[in-house]
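Chains as they are written, first to last, in our numbering: chain A, 8 to 259; chain B, 60 to 383.
I should point out that these hints are in silico values taken from the structure, not numbers from a laboratory.
Remember, predicted model here, so these are calculated numbers, not experimental data.
Don't be surprised by glycine CBs; every beta carbon is placed ideally from N, CA and C.
It is possible that part of the hints are untrue.
For lysine-lysine, the following DSBU-like pairs were computed, each having C-alpha atoms within a straight-line distance of at most 35 Å [stated by the list, open to error]:
1. B/K205 to A/K137
2. A/K178 to A/K196
3. B/K250 to A/K137
4. B/K167 to A/K15
5. B/K167 to A/K81
6. B/K135 to A/K98
7. B/K65 to A/K138
8. A/K14 to B/K167
9. A/K95 to B/K205
10. A/K137 to B/K368
11. B/K135 to A/K152
12. A/K98 to B/K205
13. B/K250 to A/K72
14. A/K152 to B/K205
15. B/K250 to A/K196
Not everything, but these chain A residues come out facing chain B in the computed CB check (under 10 Å) [claimed, not checked]:
16. F20
17. G22
18. L31
19. A35
20. S57
21. I74
22. K81
23. W84
24. K95
25. L96
26. L97
27. T101
28. A172
Label-pair ranges, simulated between beta-carbon atoms [to be verified]:
29. A/N190 to B/L352: 44 to 54 Å
30. A/Q85 to B/D361: 50 to 60 Å
31. A/L23 to B/L157: 34 to 44 Å
32. A/K144 to B/I64: 50 to 60 Å
33. A/N45 to B/I332: 30 to 40 Å
34. B/F346 to A/T187: 49 to 59 Å
35. A/N45 to B/A318: 53 to 63 Å
36. A/Q85 to B/P372: 46 to 56 Å
37. A/D141 to B/L359: 23 to 33 Å
38. B/I68 to A/N190: 24 to 34 Å
39. B/I254 to A/S66: 49 to 59 Å
40. B/I154 to A/Q92: 51 to 61 Å
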Amino acid sequence: MGELQLKKLRKEFGGLVAVNDIDLDIEAGEIRGLIGPNGSGKTTLFNLISGFLPPTGGSVTWRGKNITGQPTHKIVWQGITRTFQLTKLLKDMTTLQNVVIACYLHSEMGFFERIFGAKSKGEAEDIIEKKALDLLKLAGIDNIKDELAGALPHGYQRALNIAMALATEPKLLLLDEPATGMNPVETEKLMRTIKLLRDEKGITIFLVEHDMKAVMANCDKITVMNFGVKIAEGSPEEVSRNEEVIEAYLGR
Amino acid sequence: MGSDIKRAIISLLLPVALLVVLPFIFSRYYLDLSIVFLINLILASSFRLISTTGDFSLAHVPLMGMGAYTSAIMSKQLGLPFFITLPLAGIVATIVGLVMLFPLIRMKDFAFFIGSYAIGEALRLSWIRLELFGGHRGISNIPEPKISIPGLLSVDFSEVIPYYFLALTITLLCLVFMYLLDRSRITQIFKAIHIEPELVKSVGYNITGYRIMAFEVGTFFAGVSGALAAHHMGHIDPHQFELTTGLYLLIWIVVGGHATFWGPLIGVTFFTIIGEWMRVFGAWMPFVYGLILIVTLLFLPDGLESLPKRIIPFLNKKKKVVTA
């Protein structure tokens, strides 16, 4: 039995079935790719797992516990964090401040301590800042910690988003097109980081990506969606030989 | 961080000293005006606190009224002392605010703005209908605060100077609390929710919870300011808390600015002074207010608080031209 299990997961928008009874099993420590044409329901599927949208039907089970329809913040606390297809950042803050905000929740400080700064000047603040720096290092962007996030080149912004997601100490990371807009060198670097997260931190990865070379080279298993339906699943070789997948997505 | 506070204290020394000396120079009329000014500082600052999450609430003035009514009724009918009715005014406003949030928190941006008007207006109209609140005529003869510890001291705040100092003390306490909150990480999160709600949600924050927190803390201070106003004026009625009052509040905040803690304070100060200067305009005052609002929106969209940032580079440029 997998770490994350989707059973007949379904989402309808009016008459449109965006996600049509998807069954999915992801093992702990796996790097799973999710591919498919635009509008095939990949991002909607992420929204359902991460609690951004309530499903119309079916269930999401995480480590044996049913988490279907729970609000996002509760799901994050249980270890599932997602990133976005479009970069979302606090543009007027520095890189470090962005990550600190994401770290901050996972430190223990009460309301009045936060206002009156009982601990804030001391250890607690130092610990948070050190953790944030470590995450920037892990994402390979600690050299730009004091730059405004809004002024960073695209590739750095994407890396920053991943660092923020990591601040929540996830056990499963949902990455929505992490390599969008990156050049091959940046993509290569990103994929190395993702592998590192799995190998050293034991984080399970579920990613949507259009860069086929990156997906084929780095994923253990690939799921293919088309029109809200899962049309194939298997190792990169199996999927790339699948007639239906070639027809719908890969092209001849 | 510590030096930040020190700088704030030093820069505030002069205005606070001025506020302490005022009653000994001012006539009764100006003293009354100063008390209203202090009340408006709390009102505007607490309004801005809520707005940091992006929620601009037109229910703020009715909730201030809720505090005013609470303190008036409790001191008049139950004979409770001011120092109990004052915090109670804040607490009752907070509870009523929580009830309002049931529908309101599901709304955002413009829907929240207009929805808060509807719900605030419903609250205000209930005062006209309900016997307890005295209908259209409201409540008169609200007792003045008194402290008396038998054999030790007895202060009667019915005189304007003692009441002024009472209002000044409470205002400073409220503002210091709101200033500390503004500097804390909590306000950073409030602001982040305004800018990128989905991002903040994705890293595990309960953004609805934070919006409720901002609204409730701000509402508490609105209630407190209402209580101060009720005991100052001695009379309250539903018409004092109409939309017009809320619109003036908005004008203070737009003209003063609301990006920083100081904007609303600047706005209230500015309009208190301008309001006095322009009393000659009489019935044309709203027109003058509107004109100031439009000029500000056109030439200083971030409000008066952004003036130094605008002027300093300009002066520097001029200097360079001269030296060249």
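Okay, the hints, checked on the actual structure:
no., hint, result
1, B/K205 to A/K137, "53 Å, violated"
2, A/K178 to A/K196, "21 Å, holds"
3, B/K250 to A/K137, "23 Å, holds"
4, B/K167 to A/K15, "33 Å, holds"
5, B/K167 to A/K81, "22 Å, holds"
6, B/K135 to A/K98, "52 Å, violated"
7, B/K65 to A/K138, "29 Å, holds"
8, A/K14 to B/K167, "33 Å, holds"
9, A/K95 to B/K205, "55 Å, violated"
10, A/K137 to B/K368, "33 Å, holds"
11, B/K135 to A/K152, "59 Å, violated"
12, A/K98 to B/K205, "52 Å, violated"
13, B/K250 to A/K72, "34 Å, holds"
14, A/K152 to B/K205, "56 Å, violated"
15, B/K250 to A/K196, "33 Å, holds"
16, F20, "18 Å, violated"
17, G22, "25 Å, violated"
18, L31, "21 Å, violated"
19, A35, "21 Å, violated"
20, S57, "7 Å, holds"
21, I74, "14 Å, violated"
22, K81, "8 Å, holds"
23, W84, "6 Å, holds"
24, K95, "4 Å, holds"
25, L96, "7 Å, holds"
26, L97, "5 Å, holds"
27, T101, "12 Å, violated"
28, A172, "7 Å, holds"
29, A/N190 to B/L352: 44 to 54 Å, "49 Å, holds"
30, A/Q85 to B/D361: 50 to 60 Å, "41 Å, violated"
31, A/L23 to B/L157: 34 to 44 Å, "38 Å, holds"
32, A/K144 to B/I64: 50 to 60 Å, "32 Å, violated"
33, A/N45 to B/I332: 30 to 40 Å, "59 Å, violated"
34, B/F346 to A/T187: 49 to 59 Å, "53 Å, holds"
35, A/N45 to B/A318: 53 to 63 Å, "39 Å, violated"
36, A/Q85 to B/P372: 46 to 56 Å, "49 Å, holds"
37, A/D141 to B/L359: 23 to 33 Å, "43 Å, violated"
38, B/I68 to A/N190: 24 to 34 Å, "51 Å, violated"
39, B/I254 to A/S66: 49 to 59 Å, "34 Å, violated"
40, B/I154 to A/Q92: 51 to 61 Å, "42 Å, violated"
When held up to the earlier numbered hints, the structure conflicts with 1, 6, 9, 11, 12, 14, 16, 17, 18, 19, 21, 27, 30, 32, 33, 35, 37, 38, 39 and 40 and fits the remainder.
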